[in-house]
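> Put chain B on the given structure of chain A with help from the hints.
Line by line, the protein sequences are chains A and B. For the record, in the first sequence the residue sitting at position 59 is 59 according to the UniProt record's numbering, with numbers rising by one throughout. For the record, in the second sequence the residue sitting at position 178 is 178 according to the UniProt record's numbering, with numbers rising by one throughout.
Treat the hints as calculated values from the structure; they're not laboratory data. The structure displayed is predicted, hence computed values, not measured ones. There could be a bad hint or two in this list.
In this list, chains with the same sequence are indistinguishable; a pair is considered to hold if it fits within one copy or across any two.
[Said to hold, decoys possible] The calculated lysine to aspartate or glutamate pairs, modelled on EDC-like cross-linking and capped at a C-alpha distance of 16 Å, are:
id, residue 1, residue 2
1, Lys37, Asp93
2, Lys169, Asp81
3, Lys169, Glu141
4, Lys37, Glu55
5, Lys169, Glu196
6, Lys169, Glu11
Chain by chain, the residues run as shown.
There are 2 protein chains.
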Amino acid sequence: MAAPVAGPEIERLVQLLARLPGLGPRSARRAALHLIKKREELLGPLSEAMRVAHERIVTCSTCGNIDTSDPCTICRDVRRDRSLLVVVETVSDLWALERAGLLRARYHVLGGVLSPLDGVGPDDLNIAGLVERLRGGEVRETIIAVNATVDGQTTAHYIADLIAPLSVKTTRLAHGVPVGGELDYLDEGTLAAALERRTVF
Amino acid sequence: MAAPVAGPEIERLVQLLARLPGLGPRSARRAALHLIKKREELLGPLSEAMRVAHERIVTCSTCGNIDTSDPCTICRDVRRDRSLLVVVETVSDLWALERAGLLRARYHVLGGVLSPLDGVGPDDLNIAGLVERLRGGEVRETIIAVNATVDGQTTAHYIADLIAPLSVKTTRLAHGVPVGGELDYLDEGTLAAALERRTVF
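Extracted from the complex, chain A is given alone in its bound form (with noise of 0.2 Å):
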């Protein structure tokens, strides 16, 4: 290996942004370039945004979303439906349905799924305070909108025998053929479920 091309400071720079997930080691160079290149309008910018950020993001105590105040916008929201909770596993999914604008629900974010394979079992993830949330009474529905792998669909039946007893409608999400989707390229599970749940015209 040369000698370092630069100082200790554009090789420490070029490291943790190798670390993004999205870059290797030259697309990290080449972002660091870019940087430093757009010094004013791009570096000093990024680099305040995440000294902000750093200090002052904190995850919601009610929600598990993360946000710069807690309880979050979206829990503070008075304007949405408090009678409908919408679960996911991480925030990116919370913020996948919000970009869709679909619901004015409120959400509890699981922060990963159940996997006795990798040891996340029922305490590893933000389960007791989604039982909590629905003993409040306030729910009416609790839509369970984890990802629709085997193990997504394990903690959706985990969460749906566990909270049974509280008297709350769950409903889940539908399967089927994605809109755009071409047969071909589908499963066949995903096919058994659309042709089983086939609709009238």
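Below, chain B alone, put in the same frame as chain A:
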């Protein structure tokens, strides 16, 4: 568009990350969530590394490299052969050559290539600085290591003509089949160069 999911701080972080090369809106969201998850190990250090870079990184007034000192680490390195100067387009090309560790030379970063269509002329590049360095008399050989693109080669010829009167030996990189390259994927120009300059076993 739905209302912002979280406070403006996170939105801003995502928007700035999306301006990095190699990251789009979706990967910028993933990167932001990853940063927030790895708050102490990654977000804090990266924020600090960017702050330091923003404050301290300068362009070397001798060679055009970037560093936290001027002259840069390479220009100050007394173990380098001062008689050999390698002309490159960009700092990332300089880094690529340094990573290969094949030379202990000094560099001259042009900052781009001549491109009449994009309005880039000789005065937009660090060419006057190159001539001045060569007039210093220390350099015995100039390797013009620009990219093998049309604009790169035009620039190489322009520079070679310009510095011809300075009685400095001027060389350029060889064309040929890249190591590990498959003939089927190479263009005709590369194949022609590789055939023409074929060597005896």
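> Which of the listed hints are broken here?
Failing hints, ascending: 5, 6.
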